[in-house]
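**Q** Chain by chain, the residues:
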Amino acid sequence: MKVLVAVKRVVDYNVKVRVKADQSDVDLTNVKMAMNPFCEIAVEEAVRLKEKGVATEIVVVSIGPKKSEEQMRTAMALGADRGILIETDEALDSLAVAKLLNKVVADEQPGLVLLGKQSIDTDNNQTGQMLSALAGMSLGTYASEVAIEGEQLNLVREIDGGLQKLQLKLPAVVTVDLRLNEPRYARLPDIMKAKKKPLEVKTPADYGVDTASKVTTLKVEPPAERQAGIKVASVEELVDKLKNEAKVI
Amino acid sequence: MTQQEMLQALQDLIGADKVRTDTDALITFGRDWTKIHEPKPSAIVFPRSTQEVQALVKFANQHQLALVPSGGRTGLSAGAVATQGEIVVAFDYMNKLLEFNPVDRSVTVEAGMITEQLQQIAEEKGLFYPVDFASAGSSQIGGNISTNAGGIKVIRYGMTRDWVTGLRVVTGQGDILELNNRGLLKNNTGYDLRHLFIGAEGTLGLITEATIQLARAPKDLQVLVLGVVGMAEVMQVLHTFQTSLDLTAFEFFSHNALEKVVEHQGLNAPFDTQAPYYALIEFETTQEEQLEEAMRLFEACVEQGWVVDGAMSQSEQQAQNLWRLREDISETISQYTPYKNDISVRVSKVPQFLAEVDQVVSEHYPDFEIVWFGHIGDGNLHLNILKPENLAKEEFFSRCHQVSQWVFAIVSRYQGSVSAEHGVGLIKKDYLHHTRTPEEIAYMKAIKRAFDPHNVLNPGKIFDL
Ligand SMILES: Cc1cc2nc3c(=O)[nH]c(=O)nc-3n(C[C@H](O)[C@H](O)[C@H](O)COP(=O)(O)OP(=O)(O)OC[C@H]3O[C@@H](n4cnc5c(N)ncnc54)[C@H](O)[C@@H]3O)c2cc1C
Chain A
1 MKVLVAVKRV
11 VDYNVKVRVK
21 ADQSDVDLTN
31 VKMAMNPFCE
41 IAVEEAVRLK
51 EKGVATEIVV
61 VSIGPKKSEE
71 QMRTAMALGA
81 DRGILIETDE
91 ALDSLAVAKL
101 LNKVVADEQP
111 GLVLLGKQSI
121 DTDNNQTGQM
131 LSALAGMSLG
141 TYASEVAIEG
151 EQLNLVREID
161 GGLQKLQLKL
171 PAVVTVDLRL
181 NEPRYARLPD
191 IMKAKKKPLE
201 VKTPADYGVD
211 TASKVTTLKV
221 EPPAERQAGI
231 KVASVEELVD
241 KLKNEAKVI
Chain B
1 MTQQEMLQAL
11 QDLIGADKVR
21 TDTDALITFG
31 RDWTKIHEPK
41 PSAIVFPRST
51 QEVQALVKFA
61 NQHQLALVPS
71 GGRTGLSAGA
81 VATQGEIVVA
91 FDYMNKLLEF
101 NPVDRSVTVE
111 AGMITEQLQQ
121 IAEEKGLFYP
131 VDFASAGSSQ
141 IGGNISTNAG
151 GIKVIRYGMT
161 RDWVTGLRVV
171 TGQGDILELN
181 NRGLLKNNTG
191 YDLRHLFIGA
201 EGTLGLITEA
211 TIQLARAPKD
221 LQVLVLGVVG
231 MAEVMQVLHT
241 FQTSLDLTAF
251 EFFSHNALEK
261 VVEHQGLNAP
271 FDTQAPYYAL
281 IEFETTQEEQ
291 LEEAMRLFEA
301 CVEQGWVVDG
311 AMSQSEQQAQ
321 NLWRLREDIS
331 ETISQYTPYK
341 NDISVRVSKV
351 PQFLAEVDQV
361 VSEHYPDFEI
371 VWFGHIGDGN
381 LHLNILKPEN
391 LAKEEFFSRC
401 HQVSQWVFAI
411 VSRYQGSVSA
421 EHGVGLIKKD
431 YLHHTRTPEE
441 IAYMKAIKRA
451 FDPHNVLNPG
461 KIFDL
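Residue numbers (my numbering), protein chains in the order written: chain A, 1 to 249; chain B, 1 to 465.
Keep in mind that the hints were calculated from the coordinates and are not lab data.
Be aware that one or more of the hints could be misleading.
Label pairs and their in silico Cβ distance ranges [what the hints assert, rightly or not]:
no., chain 1, residue 1, chain 2, residue 2, range
1, B, 9, A, 18, 47 to 53 angstroms
2, A, 19, B, 219, 20 to 26 angstroms
3, B, 268, A, 22, 38 to 44 angstroms
4, A, 232, B, 266, 37 to 43 angstroms
5, A, 109, B, 300, 42 to 48 angstroms
6, A, 242, B, 123, 31 to 37 angstroms
7, A, 221, B, 9, 51 to 57 angstroms
8, A, 28, B, 300, 33 to 39 angstroms
Glycine included, C-beta positions come from ideal geometry on N, C-alpha and C.
I would like the entire structure built from these sequences, with the hints used as guidance.
**A** Structure, rendered in structure tokens:
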């Protein structure tokens with residue numbers, strides 16, 4: 001079975017993001033970038049499926065700037081066999097990304113598409129869902145366990161207050177959650193081998209997809225700074241402040 | 001003077017709420033990380049200003065009382081330990097940022113500031129305070145200066161000493177000295193007394209303020225962990241990587257250290273291939289070529305047969321997790337009641353030295369498990385011996401006392417140091433002569449008498465007068 005994994009280049013999870021002075025966006029100049037952590041988990045799961053003999057080929061796809069190749073090479077070092085980069089410097093809406101992925105799905109005919117449940121930059125949590133609708137494939141979101149038996153995919157997903165077990169018919173789109181697995185490190189010999197793996201570069205135009213955004217960013221603001229706490233002398237004072245100042249009781 | 005009178009006098013000096021005598025405080029503030037000696041201070045005082053510190057020192061001189069300065073109490077040499085009724089001077093309330101100067105790229109802070117807070121202040125200003133180690137979240141800058149702390153970035157940035165450009169101290173006599181005028185870069189006017197107080201473990205004066213130089217923040221640090229076939233090969237790898245990259249860290253640890261950290265901290269091993277030793281290498285990547293170069297060096301090391309496998313961080317989180325494999329060792333093995341030693345030899349001598357220590361220990365005590373790790377790029381080894389489960393603690397430490405004699409004899413022979421970065425305190429006092437000559441020690445004592453004629457500051461630490 002062929003597995004398609006989508007990965008996104010995002011600002012590194014550990015970077016303290018700052019807003020640009022003109023408030024047009026967050027400032028990404030000279031900021032460390034990395035693979036979206038949920039995408040790392042999707043790649044790891046694909047590799048594990050390959051190690052189990054379930055997946056036969058892993059194709060990694062990314063939509064983003066030229067530099068996304070770095071993250072795709074990482075995915076290839078971890079075990080992806082080849083890559084498709086759809087190069088664009090624009091920040092695309094989830095729907096445009098889903099449409100592009102849908103075209104790749106049509107070309108590649110994978111049995112399973114793995115995506116992160118969301119990317120940590122825009123936090124939309126939409127792409128996987130949209131893709132499944134466009135491609136007419138079954139959908140499982142927030143996977144914390146994935147097992148494939150023949151034409152059937154058994155999935156455990158995290159929901160409010162517990163776990164839900166689903167059976168999906170392949171082909172399927174699965175978005176992965178944090179607890180699905182713990183991604184391994186990229187081994188240096190594999191990083192070197194990955195450089196020689198095939199990586200095809202395309203553009204949105206190649207797929208005839210209109211990526212024009214229907215959303216405009218008006219302004220980006222940092223969250224309000226937290227006020228320093230105060231010490232109260234008595235329970236009465238606390239109750240009084242909660243009532244009259246914080247107005248929460 | 002009765003205990004009661006003394007407490008009253010202390011309260012009059014700095015305020016009743018800044019003097020503590022409850023058992024909790026006496027135990028907590030009466031010892032450092034070593035926890036070998038029983039803490040027995042008579043009181044804990046929390047001054048809030050240099051003037052209050054001066055008042056305390058003058059008071060101690062008048063009444064022949066002993067003071068033990070206490071920082072974050074993460075010291076590993078029993079320097080901040082009060083075992084004989086001393087008054088502990090804790091700097092917890094002196095933790096303010098006094099000045100930041102962007103042109104000088106320096107900060108002046110009170111001595112009680114936590115190391116990590118200084119690092120964060122530097123980061124907020126777009127700069128970098130490069131001295132770092134696993135206890136930075138608790139240690140204080142005054143404690144760091146007093147132990148001349150080293151840590152994980154020494155190979156590139158040096159020790160604490162290299163970043164202290166100015167000091168304000170209260171000497172053992174009770175004088176306030178402003179040393180090097182808050183950070184002159186050039187000042188050749190006689191003896192630079194500042195450097196005497198750095199690494200003095202609180203025996204010459206109490207540090208109340210420090211001016212610290214800050215560095216440019218490094219860009220994009222990459223972390224590699226390599227599996228290496230032997231100790232001699234670890235040094236070859238170091239040499240190879242240093243020829244064409246500016247390393248910010250080069251650490252090593254043995255396989256059993258890795259195993260224990262992976263098991264107890266729930267971390268991922270860097271790769272499945274096993275190796276007797278691992279090297280953690282960190283370097284800055286300002287250009288793409290440096291990454292390419294690292295790959296080339298890795299390949300060269302594999303071709304030589306020195307290295308069997310390697311992993312590289314692909315994100316900041318992975319870099320941090322790889323670092324934890326090294327930084328969590330100390331905490332992880334603490335449950336095995338380890339005997340610890342912090343020793344150094346010249347970098348080129350490390351493999352033979354390590355092999356000799358390994359041999360002498362395993363010859364006499366074949367059931368002792370040795371865990372090695374350390375800042376090997378600086379020739380600094382942390383030797384840890386784990387207590388066998390069935391051996392009583394007293395018996396274990398008495399055998400380890402014997403081990404120390406052997407180890408320090410080897411250190412002497414290699415002209416190494418019995419304390420690379422943790423200081424002498426009480427723990428290494430008996431072994432000072434392995435690294436310092438009698439003449440040197442005599443001069444040290446003369447200096448001590450000059451600053452602290454009544455021996456009120458941390459008496460009995462480093463040496464007895
Ligand atoms: C997990 C762990 C890892 C560590 N790693 C390293 C490492 O990599 N490198 C390294 O060098 N050390 C390391 N250490 C040792 C320790 O953290 C350092 O020595 C640190 O600098 C001690 O700072 P502190 O504030 O805790 O000092 P304390 O332990 O409180 O005191 C240390 C000495 O300084 C004196 N002192 C404290 N404050 C003052 C002051 N204001 N004026 C005068 N004297 C004062 C004390 O009397 C004592 O002699 C480690 C410790 C731990 C627990």
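**Q** Does the Cβ distance between residue 221 of chain A and residue 9 of chain B fall inside 51 to 57 angstroms?
**A** The hint (51 to 57 angstroms, Cβ to Cβ) holds, given that residue 221 of chain A and residue 9 of chain B are roughly 56 angstroms apart.
**Q** For the pair residue 28 of chain A and residue 300 of chain B, does the Cβ-Cβ distance stay inside 33 to 39 angstroms?
**A** Between residue 28 of chain A and residue 300 of chain B, where Cβ atoms are some 35 angstroms apart, the hint holds.
**Q** Please test the hint of 37 to 43 angstroms on the beta carbon pair from residue 232 of chain A and residue 266 of chain B.
**A** holds, 40 angstroms
**Q** Does the Cβ pair residue 9 of chain B, residue 18 of chain A satisfy 47 to 53 angstroms?
**A** holds, 52 angstroms
**Q** Taking the Cβ atom of residue 242 of chain A and the Cβ atom of residue 123 of chain B, is their distance within the range 31 to 37 angstroms?
**A** holds, 35 angstroms
**Q** Is it true that residue 19 of chain A and residue 219 of chain B lie within 20 to 26 angstroms of each other by Cβ?
**A** About 21 angstroms separates the Cβ atoms of residue 19 of chain A and residue 219 of chain B, which means 20 to 26 angstroms holds.
**Q** Is the distance from the Cβ of residue 109 of chain A to the Cβ of residue 300 of chain B consistent with 42 to 48 angstroms?
**A** Taking Cβ atoms as reference, residue 109 of chain A and residue 300 of chain B lie about 43 angstroms apart, which means the hint holds.
**Q** Go ahead and decide if the range 38 to 44 angstroms is satisfied by the Cβ distance of residue 268 of chain B to residue 22 of chain A.
**A** Hint holds: Cβ distance 42 angstroms, inside 38 to 44 angstroms.
In the structure shown, no violation is registered for any of the earlier numbered hints.
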